[in-house]
Every structure is written in C-alpha cells, then in structure tokens.
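Trainee: Chain by chain, the residues:
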Amino acid sequence: MSSTQMLKGIIDGCILAIIHNKEVYGYELAEKLEEYGFHSFSEGTIYPLLIRMQKEELVTSTLKKSTAGPRRKYYSLTPKGELELQKFMERWHQLESSVNRVLHHESDTGQ
Amino acid sequence: MLNNEFTLSKKSQNFLENLRVYLFSSGKNPKEIEEMIEELEVHLYEAEKKGKPIEKIVGKSPKEYMQMISNEMSIDMRTWFKYICLIVLGSFSFNIIPDLLKGTLSYSVLEIVGHIVIAVIFVAFVLIGFKAISTLERSPIKKGLIFMGISIVPIGLFLGLIFLNEAIATPVIDFGTLGSIITGTILLVFLIGTSLWAKTWVMVIVLALITLPDYLLEQTSLQDEARLITGTLITFGGIAIYLLISAKLEKNKEV
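Order-wise, the sequence lines are chains A and B.
Under my numbering, the first residue of the first sequence is numbered 1, with each subsequent residue one higher.
Under my numbering, the first residue of the second sequence is numbered 1, with each subsequent residue one higher.
Just chain A, with the same shape it has in the complex (with noise of 0.2 Å):
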C-alpha cells in the first residue's frame, strides 16, 4: 500500500488541526504540512480536500488582499470543524494505540 493511500482521511484531520491553530490561505497550509514530514502529495491535492470540507461546512473562507499581489483565500474552522477535529483526535488516538499495539506484540512474538 503506498502512503498516498493510507494518507486519505489522515491528512482531513491534519488539515483542521492546522486551520484550528492559525487562519491560513493554501500556500501556507501545503508548506506546513510539508514541514510536518508529508512530502509524498503534490500540493495541489489540498484544493479538492478544502473545497469538500467547504461543502461540508467544516471551514469557512475569507478574501484578503496582500502585500504581494494577488488576493489570498483564507480558511478558518467553523464550530462544525473544530467537533470534527475533536472526533478525528479521538479516532486517531485509538487506531494509534491499537496499530502500536498489534505491531508490538506481533513482532515481539513473531521473531
């Protein structure tokens, strides 16, 4: 399985623990994630995923001109996203412990 795979649905999360930290536009969230270590998914893959939680209503999204040109769209977490960032803090926490889990004990006994 590569890691773009197991990636689906983990990177929703990060997403909105990053958003819930700091309102970002798009160039800021890529490069932070890419910070965290994710440097597998083109940058470009943050777009669909925003404009789904937009759908969803998990973030919102304002225009702000900047200094350099162009108009940045930032994102902020709505009271819908910061439930869902706690729920995926949960979920994660399990598949955690129980992935850690299966792993140690497997290959404690499987040597």
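It is possible that some hints are incorrect.
[Claimed, not checked] With a straight-line Cα cutoff of 25 Å, these simulated DMTMM-like cross-link-like pairs (lysine to aspartate or glutamate) come out:
1) B:LYS56 with B:GLU34
2) A:LYS87 with A:GLU106
3) B:LYS60 with B:GLU48
4) B:LYS63 with B:GLU34
5) B:LYS199 with B:ASP76
6) A:LYS22 with B:GLU41
7) A:LYS80 with B:GLU17
8) A:LYS73 with B:ASP224
9) A:LYS80 with A:GLU28
10) A:LYS65 with B:GLU41
11) B:LYS52 with A:GLU31
12) A:LYS65 with B:GLU17
[Stated by the list, open to error] Computed beta-carbon distance windows for the label pairs:
13) B:ILE112 with A:SER40: 54 to 64 Å
14) A:SER76 with B:LYS50: 35 to 45 Å
15) B:MET77 with A:MET89: 37 to 47 Å
16) A:PRO79 with B:SER151: 45 to 55 Å
[Claimed, not checked] Non-contacting residues of chain A with respect to chain B, defined by C-beta distances greater than 10 Å in every case (computed):
17) MET6
18) LEU7
19) GLU23
20) GLU82
21) LYS87
22) HIS104
Since the hints were made in silico from the structure, they are not lab data.
For each residue, glycine too, the CB sits at the ideal point set by N, CA and C.
Given chain A, work out where chain B should sit, using these hints.
Mentor: Quick look at chain B alone, frame taken from chain A:
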C-alpha cells in the same frame, strides 16, 4: 492579474487556462471557477518564486488533477440552462429575422422542434469538445480536428433538417401578422438585452450584416446575380472589418 515583476511560467498559465475551460465545460459555476483559479494562481505564483516545478503542485497528470477538482465542485444547472437558452434563441434569431423581413412567419412543427434539438446537441458537443481540448497537452492537430467536428456537426444536422422538412409533412404553424410582430419584438428585446449583458454587440452586428444587405438590395433595381455578389461581399467584408476593428481595440486595451 498579477502586477508584480514576477510572472507565472507559460506552463502554469496554460494549466490555469485549461483548468478554466475544463471546469466551465463541466458545467460549474463561473464565480466558483474564478475563485478556484485565483487561489491556484496564488499558489503557483508563490511556489514558482521558490523554484518549485508545477508537478510538485498538480502532480504528474494535470488531467487527473483537473478531474479531482471538478469532482468536488457542484454542477450549476442555472448557468447551463442560461447558456442553452442563449444559444437556442440566438440561433433562432438568425433564422427568424431574415424571414420577418420577407413577410409574416410560418414554420412547420418539424422545423421548430428540429432547431431546438440541434441547438441542444450543439451545446453538448461544444461542452464535450472543449473538455477534451483542455486535457490534451500538446496536439494542435487533434485540437483542430475537434474544432472542425464541433462546427461541422450542426451544419450537417441543419442540412439534414432542411431535407427532412421537405420529405416529411408536419403541421405548419402560421404566426400571422400580430404573432410575427410579437415574435420579432421579443427577439429584438432579447438581442439587445443579451448584448448589454455580455457587453458585446457582435451578435447584433453580424446579424445585421447577414440580413440587411439582402433586404436593402432587394429594393434596388440590380439584377439577381449582381445583387447576390454585392450582398455576399458586404456581408463578409463587413464581418472582416468588424473583426479587425475589435481585435485592434482589444489590443489597445491590453497595453
């Protein structure tokens, strides 16, 4: 438009242009399309400033990326409907106005239904064709062939309709004087309205150049052949002059 000294690479500009055509022919909302393009323009602009290639943003296949975006955007039925109406009415006016100048209107049911059907088929072809063109990376021959297909199909269908109309008798609807005047007025209002809305008089001017020479020359004592030749010359010469002038005006605007 970006007003900085740094401009987008040709490749990125092409990609954005193709994406616009692709989303438009997929029936998305024009305002949402522009927003999406603007957002990606900002992204590509900042990425290129840092020396990232476009592949880092849109991935290996621009086509797949365009599809990904398109899948998330909802279809805007109102815009589709608006364009179909515009094209149906527009093509109607090119038939009806010359007929009006000759006298009252009367059309067979087959003609009326056929026109609408052809216009809808034409719109579908344009949408499918443009979508195909926007995903073809570099192939002028294929693009040319698609354009040719788009323009030949309606001509063929119209020819077919003319023959069919002669072969099959369907009830003829006579509009009468009052009906013709009302239809003519509605069409004029529509033409002026859409021209104001689209901020271009191209439809009215081309329509006038196609219909008026014939009509005016009929009032003269010129012979049939001379009339036909002068009429054609005025029509095509006029359209050529109009296109030249508007191209010049457009160029001046850009500078």
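Trainee: The output says LEU7 of chain A does not contact chain B. Does that hold with a beta carbon cutoff of 10 Å?
Mentor: holds (13 Å)
Trainee: For the pair supplied as a hint, LYS65 of chain A and GLU41 of chain B, is the alpha-carbon distance within the 25 Å limit?
Mentor: Measuring from Cα to Cα gives roughly 14 Å; hence the hint holds.
Trainee: Hey, LYS65 of chain A versus GLU17 of chain B, does the alpha-carbon distance stay inside 25 Å?
Mentor: At roughly 23 Å apart (the allowed maximum being 25 Å), GLU17 of chain B and LYS65 of chain A satisfy the hint.
Trainee: Given the proposed pairing of LYS63 of chain B with GLU34 of chain B, does the C-alpha separation stay at or below 25 Å?
Mentor: holds (18 Å)
Trainee: Within 25 Å, alpha carbon to alpha carbon, are LYS73 of chain A and ASP224 of chain B?
Mentor: This hinted pair is violated, its Cα atoms lying about 64 Å apart.
Trainee: Take a look at whether the Cβ-Cβ distance between PRO79 of chain A and SER151 of chain B falls inside 45 to 55 Å.
Mentor: This hint holds: roughly 53 Å between Cβ atoms.
Trainee: Quick check on a hinted range of 54 to 64 Å for ILE112 of chain B and SER40 of chain A, using CB atoms only.
Mentor: holds (58 Å)
Trainee: Is LYS52 of chain B close enough to GLU31 of chain A, meaning Cα to Cα at most 25 Å?
Mentor: This hinted pair holds, its Cα atoms lying about 12 Å apart.
Trainee: Closest CB-CB distance from GLU82 of chain A to chain B, is it above 10 Å?
Mentor: holds (22 Å)
Trainee: Kindly confirm whether 37 to 47 Å is satisfied by the beta carbon distance between MET77 of chain B and MET89 of chain A.
Mentor: Because 39 Å falls inside the window, the suggested range holds.
Trainee: Does LYS22 of chain A pair with GLU41 of chain B here, judged by a C-alpha cut-off of 25 Å?
Mentor: holds (22 Å)
Trainee: The output says MET6 of chain A does not contact chain B. Does that hold with a beta carbon cutoff of 10 Å?
Mentor: Correct as stated: the minimum Cβ-Cβ distance to chain B is 17 Å, above 10 Å.
In this structure, the hints that do not hold are numbers 2, 7, 8 and 14, in rising order.
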